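Engineer: Sequence:
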Amino acid sequence: EPVPQTTATLPVKWQRVRSRAYETFLIQGPTDFKMARNKFKATMRLWSSLPCRV
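If you count the sequence shown from 1, you need to add 23 to reach my numbering.
In short, the hints are calculated from the structure, not lab data.
Predicted model, so just to flag it, every value in this text is computed and none were measured.
Hints are not guaranteed to be accurate.
Unchecked claim - List time: in silico DSBU-like cross-link candidates among lysine-lysine, alpha-carbon distance up to 35 Å: (1) Lys62 to Lys36; (2) Lys36 to Lys64; (3) Lys57 to Lys36.
Claimed, not checked - Label pairs and their calculated CB-CB ranges: (4) Cys75 to Ala44: 17 to 25 Å; (5) Arg39 to Thr66: 13 to 21 Å; (6) Pro74 to Thr30: 39 to 47 Å; (7) Pro34 to Leu73: 36 to 44 Å; (8) Arg68 to Thr32: 20 to 28 Å.
We put the beta carbon where it would ideally sit given N, CA and C, even for glycine.
Sequences are here, hints too, so could you generate the full structure?
Structural biologist: Below is the structure:
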C-alpha cells in the first residue's frame with residue numbers, strides 16, 4: 024500500500040482515484056493538506072480533447 028498512514032503530521036488520508044471525479048491530494052502548504060474532487064476538470068478535459076499520435 025503506497026498510501027501513508029494518517030498521523031498528526033499528515034492528518035488527511037490520501038484516497039485512491041476510483042471514479043471519473045479525479046480525486047486529488049492537494050498540498051497547499053507545509054501543514055495544509057486536503058482531498059479535492061474535479062479540481063483540475065478543465066485541464067483534464069483539455070488534455071483528453073487533444074489528438075494523440077502513437
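Engineer: Hint by hint, say whether it matches the structure.
Structural biologist: Hints and how they fare:
no.	hint	result
1	Lys62 to Lys36	holds, 17 Å
2	Lys36 to Lys64	holds, 22 Å
3	Lys57 to Lys36	holds, 8 Å
4	Cys75 to Ala44: 17 to 25 Å	holds, 23 Å
5	Arg39 to Thr66: 13 to 21 Å	holds, 20 Å
6	Pro74 to Thr30: 39 to 47 Å	holds, 44 Å
7	Pro34 to Leu73: 36 to 44 Å	holds, 37 Å
8	Arg68 to Thr32: 20 to 28 Å	violated, 35 Å
In terms of the numbered hints stated before, the structure departs from hint 8 and from no other.
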